[in-house]
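Could you put together the complete structure from these sequences and hints?
Residue numbers (my numbering): 1 to 369.
Where hints are given, some of them may not hold.
[Said to hold, decoys possible] The list that follows gives simulated cross-link-like pairs (lysine to aspartate or glutamate, EDC-like), each with its CA atoms no further than 16 Å apart: (1) K223 - D181; (2) K244 - E212; (3) K223 - E248; (4) K223 - E212; (5) K160 - D141; (6) K81 - D57; (7) K363 - D141.
Source of the hints: derived by calculation from the structure; they are not laboratory data.
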Amino acid sequence: MPETAPLILLAAGGTGGHLFPAEALGSVLMQRGYRVRLVTDERAVRYSGLFSEGMLDVVPSETVRGKNPLALARTGFMLAKGTLIALGLVRRLKPAAMIGFGGYPTLPPLIAARMMRVPTLIHEANAVLGRANRFLATRVDAIATSLPGVFDRDPALAGKSMLTGTPLRPAVLAAAAVAYDAPQVNGPLRLLVVGGSQGARIMADVVPPAIERLEPSLWSRLKLVQQVREEDMVRVREVYARLKIEAELAPFFADLPQRLATSHLVVSRSGAGTVAELAAVGRPSILVPLPGSIDQDQFANAGVLMQVGGAIRIPQPEFTPDRLATEMSALAAEPARLAAMAQGARGAGTLDAAERLADLLTKVAGLRA
1 MPETAPLILL AAGGTGGHLF PAEALGSVLM QRGYRVRLVT DERAVRYSGL
51 FSEGMLDVVP SETVRGKNPL ALARTGFMLA KGTLIALGLV RRLKPAAMIG
101 FGGYPTLPPL IAARMMRVPT LIHEANAVLG RANRFLATRV DAIATSLPGV
151 FDRDPALAGK SMLTGTPLRP AVLAAAAVAY DAPQVNGPLR LLVVGGSQGA
201 RIMADVVPPA IERLEPSLWS RLKLVQQVRE EDMVRVREVY ARLKIEAELA
251 PFFADLPQRL ATSHLVVSRS GAGTVAELAA VGRPSILVPL PGSIDQDQFA
301 NAGVLMQVGG AIRIPQPEFT PDRLATEMSA LAAEPARLAA MAQGARGAGT
351 LDAAERLADL LTKVAGLRA
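So this is what it looks like as structure tokens:
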């Protein structure tokens with residue numbers, strides 16, 4: 001890429017939920033002839049995706065947790081330190097624009113960019129604004145959203161927002177090309193169970209006893225793929241072995257988009273990335289929002305798919321073996337309902353989100369598309 005090409009800085013926290021959309025957008029921007037760099041925290045240093053070592057800058061940051069005065073003071077100090085470092089970075093690199101993908105690690109670089117009068121944009125992946133993006137929303141030039149309804153109660157911010165969807169990895173786009181193949185009444189039922197870093201424990205607690213409660217005729221139909229933490233592996237495997245369930249268990253699946261494409265039903269948390277991928281690929285799901293979030297973002301995310309008929313939302317206190325067994329039994333007996341749910345979910349998906357977001361970003365920056 002020529003050094004004279006405009007530079008776009010992408011600010012994202014060092015987790016997959018933030019990095020995957022940044023990588024997808026970065027790929028499109030590079031195809032359009034722009035240079036890109038990732039501004040992130042130390043968690044992403046070992047990240048081996050699009051952003052090589054020479055395309056990555058680490059800026060110190062800290063997440064606000066609780067109301068402890070000492071913790072808040074430390075957070076304030078780290079954010080101020082990060083902003084000073086980010087100011088030096090922006091002065092040196094002279095970017096044409098900067099986009100943030102949410103999370104506290106985006107605060108220092110976005111604040112620095114605004115101070116240096118660099119055009120700025122934020123992307124909100126959830127159905128409600130996160131705390132960092134809420135702080136930045138009134139300060140940036142434009143806001144991109146992944147899901148509808150984020151600003152239903154805030155017309156002032158709605159005026160500078162655009163629904164783009166969540167930029168998707170190539171593997172997810174490939175999975176989206178696989179049409180949903182509804183199960184036959186007595187045929188195999190492919191079940192995918194994923195929990196994410198904070199959710200796999202409850203899936204290990206609830207899913208095996210729920211399957212145990214199903215009619216034995218369903219056991220022989222099940223083809224199960226489940227994310228299971230190492231510490232839960234033995235007890236989960238024992239249940240499925242006793243029931244003679246065909247099950248593939250692992251702490252992590254590198255080919256999760258392909259697994260999603262071949263599934264008939266998904267049981268999962270409802271993080272922003274998961275919901276975006278379920279919608280893009282078009283797969284029916286039972287979603288269990290992570291409780292305890294200040295923003296209740298996962299509850300709102302699941303509600304988007306529920307409203308279009310693509311998902312069943314079960315709050316965690318109601319996510320019991322009996323409830324899950326009831327829902328699974330009903331769905332297994334109604335392939336047409338599963339197909340309708342898949343269609344509903346797919347209708348909420350956006351496959352060209354990376355292109356839409358690139359268009360908005362270049363418009364905000366006053367660059368050619």
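Below or equal to 16 Å on CA atoms is what counts here, so check K81 against D57.
15 Å, holds
When you check the alpha-carbon spacing of K223 and D181, does it fall within 16 Å?
Distance of about 14 Å is within 16 Å: holds.
Could you grab the alpha-carbon distance between K244 and E212 and see if it respects the 16 Å cut-off?
11 Å, holds
Take the C-alpha atoms of K223 and E248, compute the straight-line distance between them, and say whether it is at most 16 Å.
Holds, at about 8 Å.
Given the hinted pair K223 and E212, is their Cα-Cα distance within 16 Å?
14 Å, holds
Given the hint that K160 pairs with D141, does the C-alpha gap stay at or below 16 Å?
Judged against 16 Å, a Cα distance of about 7 Å means the pair holds.
For K363 and D141, compute the direct alpha-carbon distance and say whether it is at most 16 Å.
Since the Cα atoms of K363 and D141 sit roughly 11 Å apart, the hinted pair holds (cutoff 16 Å).
Violated hints are absent here; each numbered hint is respected by the structure.
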